[in-house]
Every structure is written in structure tokens, then in C-alpha cells.
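Protein chains in written order, with numbering that gives the first Met the number 0: chain G, 0 to 138; chain U, 0 to 138; chain W, 0 to 138; chain C, 0 to 138.
Hint data in this document are derived by calculation from the structure and do not stem from the laboratory. These numbers come from a predicted model, not from an experiment. Mixed in with the good hints there might be a few duds.
Each pair may be met inside one copy or between any two copies, as identical chains are not told apart.
EDC-like mimics (lysine to aspartate or glutamate), calculated; alpha carbons at most 16 angstroms apart, straight line [as the list claims (entries may be wrong)]:
| hint | residue 1 | residue 2 |
| --- | --- | --- |
| 1 | Lys44 | Asp90 |
| 2 | Lys70 | Asp114 |
| 3 | Lys44 | Asp66 |
| 4 | Lys55 | Asp110 |
| 5 | Lys103 | Asp90 |
| 6 | Lys127 | Asp90 |
| 7 | Lys134 | Glu43 |
| 8 | Lys44 | Asp77 |
| 9 | Lys44 | Asp130 |
| 10 | Lys70 | Asp110 |
| 11 | Lys103 | Glu11 |
There are 4 protein chains.
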Amino acid sequence: MEKNQFSIFETELRVRPDDIDMFNHVHNSKYLDYVLAARYEQMEKFYGMPWEHFTKQGLGWVVSHVDINFKRPLLMNDLMLIRTGILNMNDKGCAVQFEIINQKTRKVASDGIFDYVLIDLNTSRGTKVTDEMIKAYSI
Amino acid sequence: MEKNQFSIFETELRVRPDDIDMFNHVHNSKYLDYVLAARYEQMEKFYGMPWEHFTKQGLGWVVSHVDINFKRPLLMNDLMLIRTGILNMNDKGCAVQFEIINQKTRKVASDGIFDYVLIDLNTSRGTKVTDEMIKAYSI
Amino acid sequence: MEKNQFSIFETELRVRPDDIDMFNHVHNSKYLDYVLAARYEQMEKFYGMPWEHFTKQGLGWVVSHVDINFKRPLLMNDLMLIRTGILNMNDKGCAVQFEIINQKTRKVASDGIFDYVLIDLNTSRGTKVTDEMIKAYSI
Amino acid sequence: MEKNQFSIFETELRVRPDDIDMFNHVHNSKYLDYVLAARYEQMEKFYGMPWEHFTKQGLGWVVSHVDINFKRPLLMNDLMLIRTGILNMNDKGCAVQFEIINQKTRKVASDGIFDYVLIDLNTSRGTKVTDEMIKAYSI
Chain G
0 MEKNQFSIFE
10 TELRVRPDDI
20 DMFNHVHNSK
30 YLDYVLAARY
40 EQMEKFYGMP
50 WEHFTKQGLG
60 WVVSHVDINF
70 KRPLLMNDLM
80 LIRTGILNMN
90 DKGCAVQFEI
100 INQKTRKVAS
110 DGIFDYVLID
120 LNTSRGTKVT
130 DEMIKAYSI
Chain U
0 MEKNQFSIFE
10 TELRVRPDDI
20 DMFNHVHNSK
30 YLDYVLAARY
40 EQMEKFYGMP
50 WEHFTKQGLG
60 WVVSHVDINF
70 KRPLLMNDLM
80 LIRTGILNMN
90 DKGCAVQFEI
100 INQKTRKVAS
110 DGIFDYVLID
120 LNTSRGTKVT
130 DEMIKAYSI
Chain W
0 MEKNQFSIFE
10 TELRVRPDDI
20 DMFNHVHNSK
30 YLDYVLAARY
40 EQMEKFYGMP
50 WEHFTKQGLG
60 WVVSHVDINF
70 KRPLLMNDLM
80 LIRTGILNMN
90 DKGCAVQFEI
100 INQKTRKVAS
110 DGIFDYVLID
120 LNTSRGTKVT
130 DEMIKAYSI
Chain C
0 MEKNQFSIFE
10 TELRVRPDDI
20 DMFNHVHNSK
30 YLDYVLAARY
40 EQMEKFYGMP
50 WEHFTKQGLG
60 WVVSHVDINF
70 KRPLLMNDLM
80 LIRTGILNMN
90 DKGCAVQFEI
100 INQKTRKVAS
110 DGIFDYVLID
120 LNTSRGTKVT
130 DEMIKAYSI
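Could you build the full structure based on these sequences and the hints that come with them?
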């Protein structure tokens, strides 16, 4: 993480009962939803350029690639700390690293990288990330 | 895919309305659920050693790592072909490649690799994949 | 059901592994999603006036009230028959009765009534169901 | 609500991005999940007889009937107050009323009644609610 100038931000979230699956663990696909929820909060709270800033312009960030490790299961009612930070960002999109910490054990439940591209919601095609956007996220 | 002796199996599945998200696409985390549904069917139908064979012994296959590309969005009501095949398998677990084809366009909506480990459902810890299991899945 | 002139239509659907919850049953809220999936298919297949007919006009059917009985749990991989039929329909909306049959046991897993209103997707407010719509659904 | 001696308890919860559907509203079935999350928290926090008290004895509360009104849509990121209270309780189960308030507008997004029965998790059959349980919940 020393290689870049981007900050790491933190969001706290609690497991909901409907996230639990047949193994009595959090279902694996829900981890992607947790990272989305954390990024959503952080876009508004820390970058000052929230999700709605893009929606209003007919734009949206969509995930093009995920690399995720499931290290230790999260259980019913667990409280998580979700730490995310941009790894790199250019006019096509950005890569965001994350880790989900179980607050009870302080151990990593999951980590990985999401690649995002900016799309035009009308055409569903990729569109240019502007310098203004890159600047807002370069903190 | 020529590098190994494992077969590729196919499952057909249709997008459900509740899979659609704020972008009017299939929500990204649902793709993981589609691969799970395909593997579940294929374990029973093609390998003759279904999910329940493991559950009855107090065992379960859990995902330890996912690498997934989101290439083209799936939309409401789309019919998919989910093709999966084992890449490698040993006494710890296995790697399964997949691709999700949109039946309308015949193009790849998503592809990637799931790594699975076999766990003891009582302890949540990894347990040995037996030779019998490896043999059943080596088709 | 003899009291009205509306038909009952049937849709077959299979439980997906991600529908299973901490009780190893289908999670209760998923039953609502199954009814939605059935109505979606039936709008296209039987009424000849699909979901997209409304979407293109900036309209959508949203649920205003649900009364649902959970009678017998659905389990992993169960195959369902979802039978639905309009109870009554006017210029505000319609009431749709449903029952979900477990194909293995032929017993009712769940039944109830959904009330729908037609809304303008731009304003999120109720809008008039036209005579043409009522006619298409009066079969 | 004056007719019974049971208290109303409150839980705060925020809409997650993965709860949003094709209408850019919270998907209707998620409201059931919100009520479950609220009851789960309240069982531990206010009644002193949490979910796990039942699970350890091989018991679980399952929903047998839901009557729910969808009054005003919840949107992305909305903060909710979920107020629930027991309407009546006997040795078979209990009825719980709820309302979900949108904290931004202070208006009711949804309200209704859940009926719960206590089941034996091994047999999936109804089992007797003990006097001790009724006493713990009679506050």
C-alpha cells in the first residue's frame, strides 16, 4: 500500500440475518455487496463526490473485475470494518483494494481488489473519467 | 482448457427479476450465485456425487477465492448458459473455471475461476478431499 | 376462485442455492421474489402485454400490499409450480392471488394475495390503468 | 396499540445499495428482511433472550404469515427507524406489528403484522412456547 498516494477509508457495517446461508455463514456473494456499501458511503463522506454526482450526469461506476479472498467466515450479527483505498485511477476507471475486518476478532475475513469502469447509463458503454473526477478521488 | 482431462458441463438458467439492480442490469454479486446454482446442478447430474453426499457426512464445499470478469451486462429475463469445469483438484480442494454465456447474443457475459475448499461443517475448518471424491470428479 | 372470470396461469421455477437461509429452508422473503418471477413470465407468455410494454411508456406495476401464508418450507433444489390469477382489476390496479406448490409433494408451500398499483416511474405516483390494459388482462 | 401491555422497540437501519431494484427503489421483499433484522437486534437488546438462546436449544422462530403495506418507497441510502411490538403471544407463537419510518421524511414507508411460530429445527415442526419465554417477552 506504500506505492500510492491514495488514502484508506473505513466504514462500519453489521451482518444482517438475511445475509446468512445454508452453512450458517455470511453467503459469499454478500461480501461484494458489503464492499459496494462501503464505497457508496465513502464516496459521499470522504471524497465529496457521491454516487449521485455521477447518476445526475447519466453516469455510473460498474465493476469490471473482482479478485476476492474468503479467509475467515463472518457469522450472524458480526460487526465489520471495511477498509478500502484506490490503488490506481486513470481516464478509463480505477482499481480499489479492500479488506473486511471482523471487529470481534480483529482478523481479516476477506480481502481483494475491485476494478471499476465509468459507464454512460444510457448506452451501457465505457466513458471518460474526467480530470475533475480523478482530482476529487486523489486524496 | 486443453491442458487438463476434466470435462466442461453446461447448465441453463434464467435471470430473475429480483436479480436486477439500480442500473437495470443483473447485480454483480448475483453472478456468483449463478455459478453456485450451476455447480449444484452439475454435481448431482454429471458427477453422481451431489451436494447432499457431502452434507450428510457433515462436509461442505466453500469458496476460498474468486477471480471474476464482468464483460457484458445481463438484463432482465436473459437466458444464460453456464459452462463450468474443474481446472485442478487435490486433497485440499479444487479450482473451477466458468463462463456465463448470454443465449441471446452467444457472447460471454462473465468468466473466471472459483477456488473451493472442503470444510468440516462442525468446525468450519478445512478437511481432506478423499481419493473417492477426486475420482468421482475426475471426468 | 369461481367468483371471477379471470384465468389461473402456471409457471415452474426451481429454488436456487442462494435462496437458502440459516434454517436450511428457503428464506421467507424469497417467496415474494418467486411470485414476481412468475407474474413476469405470465405477463409476456399469457397476456401478450409484457412488463416491457409498461416500462416503455414509463410505467411500472408496484406492490402496495401483500398477504402471504408460509405453510410448508421449501428446501434446496425444490421444484415449484407457481399458480397466479387476477382476483379483480380496475383503473387503480389489481389484486392477484397466488399459490406455490411443491412439485415433489404436490402440497401448498405458500399462498396469498398481492395488490398492485400502476405507477408513473418518473413521479413514483399512481397512474390510471387504461381500458386497453384491463382488457388485455381480462382473460 | 393501547389494547396490550407489550412495549414498542426501535431499531435504526440504513438501506444498502444491493437492496435497490429495477425501479430504483428498495425491492419489496427486502422490507421483510429489515423487520427480521430489527427483531433480531431487539431480541438481544431489549428482551434479554436473544435468537441464540433458541438456536442453542434447537429451536427457531419462523414466520407463518405476513400482512404488509408498502406505503411510500424507500430509496438508496435512506435511514429507517423500525418500530416493532408484540400484539399477542401464546404457547403456539406470537404476532408482531411493525412500522418502518423513513427518518428523512418521518413518514411511514411500510407497516403490517408478522405471525411467528416456534419450531423444532430438527423436525421443522411447531413446538410449545414455554412460560419462561412468554414471560421474557411480556415487557
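Do the hints match the structure? See the list:
1. Lys44 to Asp90: neither (23 angstroms within a copy, 44 angstroms between copies)
2. Lys70 to Asp114: between (20 angstroms within a copy, 12 angstroms between copies)
3. Lys44 to Asp66: Answer is neither; intra-copy 25 angstroms and inter-copy 29 angstroms both fail.
4. Lys55 to Asp110: neither (31 angstroms within a copy, 31 angstroms between copies)
5. Lys103 to Asp90: The answer is neither: 39 angstroms in one copy and 32 angstroms across copies each exceed 16 angstroms.
6. Lys127 to Asp90: For Lys127 and Asp90, the Cα distance is within 16 angstroms only inside one copy (5 angstroms; across copies 45 angstroms).
7. Lys134 to Glu43: Within one copy only: 15 angstroms inside, 45 angstroms across.
8. Lys44 to Asp77: Only across copies: Lys44 and Asp77 sit 15 angstroms apart there, 23 angstroms inside one copy, limit 16 angstroms.
9. Lys44 to Asp130: Neither. Shortest intra-copy (20 angstroms) and inter-copy (48 angstroms) distances fail the 16 angstroms Cα cut-off.
10. Lys70 to Asp110: Close inside one copy (8 angstroms), not across copies (22 angstroms); limit 16 angstroms.
11. Lys103 to Glu11: within (12 angstroms within a copy, 21 angstroms between copies)
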